[in-house]
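Asker: Next come the chains, spelled out residue by residue.
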Amino acid sequence: MKTHALAVATAALVGLAVALVFFYVPSDADQGFSQRIFYFHVPIALTSYVCFGWGAWKALRYLRSRDARADTESYVAIHQGVMFGALTLITGSIWAKASWGVWWSWGENQLVLFLVLFLFYCAYFMLRFSVDAGASRANMSAVYALFGVVLIPVSFLAIRLSQNFIHPVVFNSHGPQMTGAQFLTFCVSFAAVLAVFATLYRVELAGKRIDAHLRELRELLA
Amino acid sequence: MTYLSDVVALTRKDLLLELRAKETLPSMLLFVLAALTIFHFALPRGAGHTAALGLLWSALIFTALLGLTRAFVAEREQGMFDALVLAPCDRSAIWLAKSLAVLAFLAAAEVVALPAFAAFFSGIGGRTVVAVALADLGIAAVGTLFGAMAVAGRARELLLPLLFLPMAIPIVVGGVGGYLWFLVLYDAIFVVLAWATFEYVVAEV
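Residue numbers (this note's numbering), protein chains in the order written: chain A, 1 to 222; chain B, 1 to 205.
The set of hints was computed from the structure by calculation and includes no laboratory data.
Cβ coordinates follow ideal geometry from the N, Cα and C atoms, glycine included.
Heads up, a few of these hints could be off.
Sample of chain A residues at the chain B side, in silico, Cβ under 10 Å [claimed, not checked]:
1. PHE118
2. MET126
3. ILE159
4. LEU161
Here chain A stands alone, though its shape is the one from the complex:
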């Protein structure tokens, strides 16, 4: 039941965010209408980091407690993270096409970072699917998830080193460079995308738990 309430709240929040993005917030003076994708692209990217961070936290919990639930939670969080990461790559690509006229720009730090992370976390699934279920697989997945969360800042630094900066930096040390209306819309969008993550996470986790129960029952019957 709690998942249902969360799903309804998520749907309302996403509706509100879409309404704010298209009807409330004024168009950007510099980039015009296409800048509105910012309110989806950046929250999705940040949510993806949240997913990877949450997955690594659950991995650490697993290594400390050896609780199989933490392993499933870590897996589900990273699974969601990869989906949001793919969406980040797609929305970023669309934005790059609209504002710079190219589908892909190696000068865009965040986009390249997401490509690296996307490659890294896709291999997480290859690792998981090639090892039989059990403590050994859970251990390896947890270690890999920890490497991932450390790789994020290291890759970020590496990509900054290797590139010229043409990506617009919206958040800097002086706080967000946005007007009140923009900041409000951004916050609502971010909350909406986070709520989408929370809902999907709960739904997928429920599915995985049912799977596990079913398998146990089958083994008991056999």
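Place chain B on chain A using the hints.
Answerer: Showing chain B alone in chain A's frame:
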């Protein structure tokens, strides 16, 4: 003191095995020379030093990958992993010893590869040599841990490049750009992380 002697004994085992069987190092040497030859024909005429240096780094990464794929094959095929895990030594010692052996193979391959590169393409400076040495540390540390993961899976040889190459991207950035401090940072972070987590990779419970 026992930790150190365990590491020495395990490293000695790997080096001795290689000295007798000669399975890994000759293939790494041939591979890196063949790769450099291919790069000569792949590069357009007069492509310049920077382009060639970039290719040197990709050749080194792929050569390392070749060595890393072989690193745990003996353990796997002979069922040595169980014996090693049962041995009364700290499990991180297994990782450290294997990393040192991989490091030795890498260094040996590069002793040939770097002069070959200098002869085929253009001379290399001391900075590149230091960068390669620093990169080797990170490659050996991370690669050995991921190699141990990959041999546990069904798709062994296929899995390691997928796991390792995204981790190698920062190394290539640091190496090509000559950012020595960045390579030191990378080594420090990932050597500690690999040393601390190897235990979980080989544990069965």
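Asker: Next step is simple, just say for each hint if it's right about the structure.
Answerer: Hint-by-hint comparison with the structure:
{"no.": "1", "hint": "PHE118", "result": "holds (9 Å)"}
{"no.": "2", "hint": "MET126", "result": "holds (5 Å)"}
{"no.": "3", "hint": "ILE159", "result": "holds (7 Å)"}
{"no.": "4", "hint": "LEU161", "result": "holds (6 Å)"}
The structure agrees with every numbered hint stated previously.
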